[in-house]
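Undergrad: Protein chains in written order, with this note's numbering: chain A, 1 to 330; chain B, 1001 to 1330.
Certain hints may be false.
Claimed, not checked - Okay, the calculated bits of chain A under chain B, using three or more residues with CB under 8 angstroms as the criterion:
no.	segment
1	6-15
2	50-62
3	82-92
4	95-107
Claimed, not checked - Residues from chain B that face chain A, not an exhaustive set, calculated with beta carbons under 10 angstroms:
no.	residue
5	L1058
6	I1062
7	A1066
8	L1148
9	G1149
10	Y1152
11	G1175
12	G1218
13	V1310
14	A1311
15	Y1314
16	V1318
17	L1323
18	L1325
19	L1326
20	V1329
No lab work stands behind these hints, which were simulated from the structure alone. Virtual Cβ for every residue (Gly too), placed ideally from N, Cα, C.
Protein chains: 2
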Amino acid sequence: MQRLIWTVVAAFAMAIVLGPIIIPWLKKLKLGKVMYELGPDHAAKAGTPQMGGIIFALPALIAAAAFCYKDADLSLFFICLVSALGFGLIGFIDDFLKVKKHSSEGLTPKQKLAPQIVLSIGLSIWAYLHPAIGSSLTVPFVNVEWNLGFFYIPVMVFILVGTVNSANLLDGLDGLLGGCSLFDFITMVIICLALAAANPDRAGSLLNVAIFGGAMAGGIIGFLQYNSHPARVFMGDVGSFFIGGALVGMAMVTRLSLLLPIIALAMFMSSVSDLIQFAYFRATHGKRFFKMAPLHHHFEKCGMPETKIVAMYYIVTVMLCLLTLLGFVA
Amino acid sequence: MQRLIWTVVAAFAMAIVLGPIIIPWLKKLKLGKVMYELGPDHAAKAGTPQMGGIIFALPALIAAAAFCYKDADLSLFFICLVSALGFGLIGFIDDFLKVKKHSSEGLTPKQKLAPQIVLSIGLSIWAYLHPAIGSSLTVPFVNVEWNLGFFYIPVMVFILVGTVNSANLLDGLDGLLGGCSLFDFITMVIICLALAAANPDRAGSLLNVAIFGGAMAGGIIGFLQYNSHPARVFMGDVGSFFIGGALVGMAMVTRLSLLLPIIALAMFMSSVSDLIQFAYFRATHGKRFFKMAPLHHHFEKCGMPETKIVAMYYIVTVMLCLLTLLGFVA
């Protein structure tokens, strides 16, 4: 536990130091956000630099690498790392192209999706072949192992691609994705600790996953100092994909992917609300189900202040995480 | 642990339900805050009802009473309860008088301090005579028991009165005291769990203190839904004194009062900045050390947005709490 706390503190400290170094540099590179034309009126946010995800991603990677138990099994840890880094890299390329083109369009949706699917297939096969993961998913609360056999791979690809893009959709208000995912990471860390205590033979490997989650949590807390309302920097796709990849990676290696719609309900609802909006628009030939999708923009259009929506999302996430933990503690 | 989680969830749920019942009622009673004349320009906040502390105090009391282990030693739990309720009652009277007089002045400082000192003397003697508390304070990190003998009582009176008034001073920005104290309660709960695990003979008694802290945390999370920026309700003196009393009570019964300047640095600095301001003003015949005291108003006067100050206070508190926990985990 002491090592875990130091991981959080180290990642936090690095993020705090990195912020004032990277933010002016991002501004100089003219990485100011070109506001998406269909978004609510956020004129005040124009000029806020993107790509701030680096502020937590880099510290999280360094802290995780520095504090992981090198003499224990690191294979699950590496899967999480590759998931976060891989998806983060796709986001980085997208952000970078936006900057070069000075527009809000980086990669096309297809250009984003293709490498995501390739990476997801690779990760799913890796998990499928890993003796500690295999082809099963744990069904929450009933604690049944659901063996999907070979179908594990397409299902997991869907979960991976779905999660990272849901994280990306949730990243629309100051501090929203950062804070919500922070509670998710803390929850996954506690679950890893509980699983490690219950399975002494797999403890080292699970503790390394917990260290990874702690590093993410610490980095994000530091990032929130700069991203909380009014944000001085946005995380960009590099940040949201990195968070999505890290979270789904932790869920995958613990077989707990089916927890994601609960602990990450905020992300889940972002995607679901987008899908409902799209389907309803199609079916009704032009009517809108939500005033705007994803859901958090609907609340904005309903007149809720931004900070209030973020607080509500935090509070709901914390309660769902607590209820989820009921399944893992005595 | 499951029982603890249910305590948090129950207190939270009650607070969420109570909010929309109590807030309109407080407004009807014309309990809208009369802004303190010397405060920064918060005209937008005029009319926001006070006394919202009831929204978390009542649920916390009910949840704590419902979930505490009735077959275990409840004496430490009762000390916390009396501390929270006693100081909360003083705050309630103050708030109530403000409402009746339709002014920002309730009890005079002396009228507040006298019952606080009487209550503190009572609580200190209770602790002094309690076999599990006695006349010692644990010195943080070195883990030395510092036996104060009979001086325990005046020292503890100073700590009690100091903490509740510091909490009161910190209650100046939306969500500030609620959020900071939330992290303190969570920290005290974790410490109680750690102490209970290390001292099986005192486990039941300490778990009851943890339940009390969990009830406070849950109630405050619910309250933050209404108190987060832009606040629909303020906690008032009833809320800040209740929080101060509950926190210092938990610290007293675990002999950990000397942790308060660390985990509750935000409160501590509110008092210290007030004292510095006052002493400097006197010594220099009219110069100000801070642009305004307590410290959070100084940051406001420096141009930091309210939400940013609150986020910074949260982040610093979380890190201090984490570092404090290093002394209690393996």
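Undergrad: Tell me the hint numbers this structure goes against, listed in increasing order.
TA: Going through the list in order, the structure violates hints 2, 3, 4, 5, 6, 7, 8, 9, 10 and respects the others.
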